[in-house]
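Undergrad: Below are the chains, spelled out letter by letter.
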Amino acid sequence: MKSILAMAGVSSILLAVAIAQPRPQNWPTYGGDAQRSGWEKTDPRITKDTVKDLQLLWKMKLENQPKGPRPLLPPLILGNLISYRGFKELAFVASSADIVYAIDADLGKLFWTKHLEYASLDPQVLGPSATCPGGLTAMPTMPPPAVGRGGAPGGRGPAAPAGGRGPVAGPTAGTGVVGAPAAPPPPPARGPFAAVGAASVYAISSDGRLHKLNTSTGDDQAQPVKMLPSNATISSLNIADNVLYALTSHECNGAADAVWAIDLIADPPKAVTFALGGGGEGPVLGADGTVYVQTGEELLALSPHDLQLKQSFNLASSSVLPLVFPYKERDVIVTAGKDGRLYLMDTASLGTPLFQAPLTGQVWGNLSSWQDADGTRWVFAPVWGPANTGSIVAFKLEEQNGKPALTQAWVSRDIPSPQPPVIANGVVFALSSRAGTHATLYALDAATGKELYSSRNLITAPAALTGLTVANGRVYFGTTDGTAYAFGIYMEH
Amino acid sequence: MWAVNLNDPLKKVMTFSPRSGGLWGRQGAAIDSSGTAWAPTGDGVYDLANQRYGNGLIAAKVVGNELQLKDWYEPTNWAWMQKKDLDMQVTPAIFTYKGRELMVTGSKECRVYLIDTKSAGGENHQTPLVRTPLLCNEEVNFASAGIWGSMATWEDSKGTRWALTPFWGPVHPEFKVPVSYGPVKHGAVVAFKVEEKSGKFQLTPAWMSRDMDQAEPPVIANGVIFAYGSGENGYQAYPDRGLNDSSPLRIKASTHATLFALDAETGKELYSSGDQIASFAHFSGLSVANGQVYLGTYDSVLYCFGLAGR
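These protein sequence lines are chains B and Z, in that order. Here the numbering used here is used: the first residue of the first sequence is 4, the next is one more, and so on. Here the numbering used here is used: the first residue of the second sequence is 80, the next is one more, and so on.
In case anyone wonders, no lab produced these hints; they're calculated from the structure. Possibly wrong hints are sitting among the right ones.
As the list claims (entries may be wrong) - Far from chain Z, by Cβ distances over 10 Å, these chain B residues were calculated: (1) Pro27; (2) Arg88; (3) Ser123; (4) Ala201; (5) Asn217; (6) Gln226; (7) Pro227; (8) Phe277; (9) Asp349; (10) Pro465; (11) Asp484.
Said to hold, decoys possible - Calculated lysine to aspartate or glutamate pairs in the EDC-like style (CA-CA distance at most 16 Å, straight line): (12) Lys112/B <-> Glu218/Z; (13) Lys347/Z <-> Asp290/Z; (14) Lys331/B <-> Glu301/B; (15) Lys399/B <-> Asp377/B; (16) Lys112/B <-> Glu217/Z; (17) Lys272/Z <-> Asp378/Z.
The beta carbon of each residue, even a glycine, is placed where N, CA and C say it ideally should be.
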């Protein structure tokens with residue numbers, strides 16, 4: 004009877020998992036992946052044909068600091084959490100008020116709210132400037148489903164330890180069985196911040212403490228630990244192989260500009276830093292774990308974990324996050340210079356760019372990329388022109404005379420001060436963010452740039468300068484009045 | 080779905096598969112007057128082009144020596160139900176009403192559907208005669224909420240046709256019923272009157288029972304409804320651990336079943352077994368005959384309640 008109880012109880016779950024079509028996707032970090040590609044690779048609902056039916060599904064006003072253009076960070080998406088309250092697709096939105104919200108993305112209802120209490124001897128500073136706004140500034144992150152030193156976190160189901168530092172399993176030594184294989188050595192100790200088992204949300208509050216939050220409840224899964232300076236401006240978090248990367252910039256409130264690598268396996272977590280001269284953007288992670296940072300003067304490649312300088316390339320840039328993606332069995336990197344050019348480089352040799360492409364205007368934020376069904380690699384640049392004009396400029400990565408080159412393919416309609424675009428299933432989403440007027444969300448044909456959808460006046464405030472999220476048929480962003488928006492393809496409840 | 084013609088000397092085993100989902104209606108298939116068997120298909124995909132009928136209700140009939148699909152019904156929101164694991168898994172109850180053969184069924188989503196056995200869901204197989212609002216499961220939970228098991232139906236002496244459904248968990252705050260008996264947090268039985276007004280069928284809520292701990296499918300005898308709360312802990316996921324459908328945990332957190340007798344006209348409680356039943360009941364069911372009501376429980380005890388000396 005016990006077994007019947009267990010089998011019957013679990014049967015519906017197994018069925019749902021086994022035949023789920025399509026499986027809900029995660030958007031676990033800024034740009035959707037550690038490379039910040041902005042590409043959701045398998046959206047089940049957004050297509051060039053359906054995107055015309057995009058609707059404002061819900062919007063929600065959230066508590067935030069009253070000043071600054073970045074009150075809300077773009078949400079992380081956990082595609083399916085089998086929670087004690089049901090199967091939930093959750094959007095985790097962090098606000099500048101040191102609050103992380105979990106929103107039921109299907110219903111547009113709050114699922115939980117977590118206030119990250121300020122606990123530092125340094126007084127809390129809420130600065131009035133855009134560069135040093137105070138409060139929570141870094142978009143949280145969830146570990147990708149990669150196997151590394153500490154295990155394989157997953158988006159659903161119970162813990163599935165794997166990797167070199169999982170819990171003790173199997174027979175112990177000295178069983179007395181002749182010829183039995185030697186028992187594996189016990190794994191090293193693993194700290195409470197290690198990313199193993201079910202997904203957790205990692206956030207850094209304005210007091211510089213690292214939080215690991217239970218996705219079902221928002222509860223801290225470990226005692227928060229001080230890792231970064233208080234009141235610093237911290238970039239979006241990035242995580243790989245149980246190392247959490249962050250970047251502090253603008254020397255806010257005495258916090259040095261630096262790259263940070265926090266070993267989550269260690270107990271307590273340990274940080275190493277790489278000092279930057281003059282701030283930067285990043286970090287972006289290559290497929291091999293290399294850490295890329297664009298400073299005002301150069302592009303840096305640092306080794307994973309210990310942040311040793313591997314390579315650098317002198318390139319004056321202004322606030323552009325580099326983009327890394329695979330191309331013909333190697334990683335290439337695209338970044339933008341202050342000189343109005345895109346630079347394409349081989350990550351194996353940053354010293355000599357593979358190609359330079361001119362732009363009319365400045366890239367703001369970061370580049371995005373996807374590969375279409377024909378295998379063509381595309382790069383999209385949000386270009387801010389003069390007088391609050393702007394557009395998305397698309398390039399194809401093609402071979403010219405046996406060498407890779409970026410060929411301009413199209414320029415979108417005017418999109419004033421566009422946010423970095425995101426891509427789903429051949430559709431590019433772009434968001435205008437001109438100060439003083441409401442934001443407008445656009446959907447563009449990724450192949451031609453043709454406008455497929457416009458939100459017109461559905462958005463009532465300027466966009467927060469923080470970016471877009473796309474997952475499972477929905478596009479999310481925040482506005483400067485602290486409202487989270489979700490546009491998407493309606494699913495009948 | 081499986082069928083064997085008992086008159087077939089070869090006893091050929093015939094099958095029909097919906098090719099998606101799992102046929103786990105608690106009481107199996109319900110059979111209509113034409114010999115057609117109706118069964119819910121559980122979580123799955125509705126993909127007509129590939130003849131997949133998950134998250135719906137299929138009808139199969141023996142034709143010659145084959146079990147063939149005869150009809151089907153699919154909720155229009157089957158994709159939502161699949162995403163949220165809200166299986167169509169409730170064995171329907173079939174009855175005649177004003178010369179037509181109808182049936183009621185439901186799902187973990189916690190709606191009740193009234194369907195014509197002659198044309199389930201109409202031309203597009205997705206338009207039932209009635210689709211009620213949500214009775215429960217505001218949280219959209221896959222466990223410990225929604226309709227589980229099967230439906231029941233009876234006709235009173237005045238000719239009124241009643242449809243009965245159990246459900247688990249709190250009643251939906253927007254579900255309105257004219258007669259109820261206190262807050263419902265753990266489950267209840269709801270009675271509908273089947274009615275036709277101006278040529279349109281409706282399920283009119285009549286009453287909702289007292290709170291029952293995981294209300295299970297009722298049975299009816301002579302104007303008395305017998306129902307029970309199983310007392311089983313139905314949780315499969317936990318705040319600190321996520322999904323962890325552990326039998327020891329659930330057994331430990333379960334209590335005991337309680338049998339109730341209700342006035343079938345009003346839902347008023349006429350009898351409760353209190354704490355006479357020692358254990359909980361998992362996916363069990365009631366039998367009623369000749370003045371006695373039977374229930375088996377998890378500890379392998381068969382209970383028989385009845386009127387002493389009669």
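Undergrad: Evaluate each hint against the coordinates.
TA: So, going through the hints one by one against the coordinates:
Not every Cβ of chain Z is farther than 10 Å from the Cβ of Pro27/B; the closest lies at roughly 7 Å, contradicting the non-interface assignment. The non-interface label for Arg88/B is inconsistent with chain Z: the shortest C-beta to C-beta separation is roughly 5 Å, within 10 Å. No Cβ of chain Z approaches the Cβ of Ser123/B within 10 Å, the least distance being about 28 Å, so the stated non-interface status holds. At roughly 5 Å, the least C-beta separation between Ala201/B and chain Z is not larger than 10 Å, which violates its mark as non-interface.
With a closest Cβ-Cβ approach of about 7 Å to chain Z, Asn217/B is found to fall inside the 10 Å limit, against its non-interface label. The non-interface label for Gln226/B is consistent with chain Z: the shortest C-beta to C-beta separation is roughly 16 Å, beyond 10 Å. Listed as outside the interface, Pro227/B is consistent with that label: its C-beta sits roughly 18 Å from the nearest C-beta of chain Z, beyond the 10 Å cut-off. For Phe277/B, the non-interface assignment is confirmed: its Cβ lies about 36 Å from the closest Cβ of chain Z, beyond the 10 Å cut-off.
Non-interface call for Asp349/B relative to chain Z: holds, since the shortest CB-CB distance, roughly 42 Å, exceeds 10 Å. For Pro465/B, the condition that its CB be more than 10 Å from all CB atoms of chain Z holds, with the nearest at approximately 34 Å. The non-interface label for Asp484/B is consistent with chain Z: the shortest C-beta to C-beta separation is roughly 29 Å, beyond 10 Å. Only pairs whose Cα atoms come within 16 Å are accepted, and Lys112/B paired with Glu218/Z is accepted, the gap being roughly 10 Å.
The hinted pair formed by Lys347/Z and Asp290/Z meets the criterion: a straight-line CA distance of about 12 Å does not exceed 16 Å. Proximity of Lys331/B to Glu301/B is assessed by CA-CA distance (about 25 Å); at most 16 Å being required, the pair is judged violated. Among the hinted pairs, Lys399/B with Asp377/B is consistent with the structure: their alpha-carbon atoms are about 12 Å apart, no more than 16 Å. Restraint check: the Cα-Cα separation between Lys112/B and Glu217/Z comes to about 12 Å, which is no more than 16 Å; the hinted pair holds.
Between Lys272/Z and Asp378/Z the alpha-carbon distance is near 37 Å, which puts this suggested pair outside the 16 Å criterion.
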